[in-house]
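Turn these sequences into a full structure, and let the hints guide you.
If you're matching positions, the sequence shown starts at 187 in the numbering used here and goes up one per residue.
Honestly, I wouldn't trust all of these hints.
[Claimed, not checked] Using C-beta positions, here's what the derived DEER-type ranges look like:
#, residue 1, residue 2, range
1, 595, 469, 12 to 22 Å
2, 422, 581, 13 to 23 Å
3, 272, 376, 52 to 62 Å
4, 595, 256, 31 to 41 Å
5, 427, 567, 19 to 29 Å
6, 343, 468, 23 to 33 Å
7, 474, 210, 15 to 25 Å
8, 580, 278, 53 to 63 Å
9, 271, 529, 41 to 51 Å
Think of the hints as simulated: they come from the structure by calculation, not from any bench.
Ideal Cβ positions, reconstructed from N, Cα and C, are used throughout, including at glycine.
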Amino acid sequence: MAWNVLIAGGGFGGFYAAKTLAKVLPPHSARVRLVTEDNFMLYTPLLPGAAAGTLEPRHVVVPLREELDSSIHLRLAKITGATPHRNVIHVRSLDGTQEELRYDQLIVALGSVSRTLPIPGLAEHGKALKSLPEAIALRNHVVRTLEIAETLEDGDARREYLTYIFVGAGYAGLEGLAELQDFAADVIDLYPRCQVTGMRWILVEASGRVMPEIGQKLADFAVRELRARGIEIRTQTTLDEVTARSARLSDGEVVATRTLVWTAGVKPHPVVAQLGLPLDDRGRIDTDDRLQVKGFDNVWAIGDCAAVPDPARKGVPSPPTAQHAIRQGRVVGRNVANALGGGGRGRRFTYKTKGVFVDMGRRKAVATTGPITWSGTPAWLLARSYHLAMMPGAGRRARLLVDWNIGLLFGRDTAELGRLGEPRALEAPLAEVASAGANGTEDDASAGAPAGSASAAR
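So this is what it looks like as structure tokens:
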């Protein structure tokens with residue numbers, strides 16, 4: 187009888203765990219199911235590029251059915267909880283059906299969501315940059331602020347729409363702000379009034395420096411580059427309150443703005459707390475260095491939702507990154523296969539990195555590869571080469587190359603995509619149209635049709 191292996195989550199960790207299991211398990215020895223809400227994996231490091239119009243949004247996702255082996259069973263469903271002592275997880279299918287899925291081995295790779303704080307107005311008026319819909323919505327919002335500001339006569343009102351605040355100066359905040367500011371600088375020539383008023387960009391960080399994950403020298407280069415573009419950087423500053431038209435900072439300044447983007451950290455996916463597994467003080471699943479959940483022989487956890495100890499940091503988990511999730515996925519795949527084969531607990535996971543790459547737009551970046559540090563255009567080329575190599579699938583890599591080259595040659599697209607996927611409702615119910623056709627002439631029935639419709643064209 188085949189074993190049941192269940193992977194909860196289709197991000198980097200879950201994707202590479204599935205690929206590894208398909209590779210190392212003997213044929214027909216196990217049924218591997220990947221349960222996820224989307225039929226794609228989001229390549230999150232390129233999300234700022236999608237938000238800024240450098241990349242087509244569809245090109246930063248990896249279709250799971252195309253890239254996974256046919257032996258992996260993909261199940262689109264929302265995980266709502268688990269009962270570990272019965273070896274089941276609870277899911278809600280796309281049609282709303284509630285169901286229990288049994289497993290012999292469970293890999294939890296549910297990832298993370300934006301971590302917010304109880305700041306007045308943040309939940310109502312703040313924007314995030316963690317998912318593809320959020321990236322597209324943010325880009326649309328920036329385009330909309332330019333369009334509105336261009337129509338305003340009052341200079342103060344225009345400045346309100348042309349002021350943008352990012353809170354959180356880690357990778358996501360710095361890359362997101364830099365890419366969107368680069369996008370806005372490219373297109374502002376199309377908005378004469380906005381060009382006269384100018385734009386204001388502010389990066390707010392609670393700690394004493396930006397990007398604490400990298401060395402001071404590279405962080406200083408990033409600060410100099412951003413300030414040279416006119417971006418204000420406020421370290422040791424926090425957000426106190428947000429309204430629809432302003433943001434109050436801890437230094438006392440009240441900034442008139444219609445845009446506040448929150449990129450100050452992440453937390454495990456909320457459903458992690460409903461799985462009945464041991465958690466640390468940050469809500470992450472407690473694991474050992476072999477990625478096995480403490481107290482469970484058949485449950486494993488990886489990625490942003492797992493607290494995997496790092497011996498180099500005295501057991502403190504390293505910050506979550508895509509690189510760590512990829513390597514954890516590969517290790518846990520082999521460890522699960524080893525456990526099914528009766529070979530013991532498997533390999534320990536050790537934190538390693540191929541480097542750090544932070545794209546800052548305008549053909550500038552900062553990067554580290556081992557002991558070597560890079561900045562400026564060489565780092566930008568290195569960052570793009572790295573992401574090109576890491577993107578799964580030759581077709582996706584080709585699409586990235588095409589997008590990047592088109593952007594270099596022709597600039598960025600300024601079209602707002604907010605209404606795509608939200609078609610207008612039919613102006614009249616089809617029954618009424620049919621009734622009109624029965625009671626009158628064919629021309630009467632089509633009289634209200636748009637000029638471009640098939641009936642109007644006849």
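Violating hint indices (sorted, rising) = Hints 1, 2, 5, 6, 8 and 9 are the ones this structure does not satisfy, whereas the remaining hints hold.
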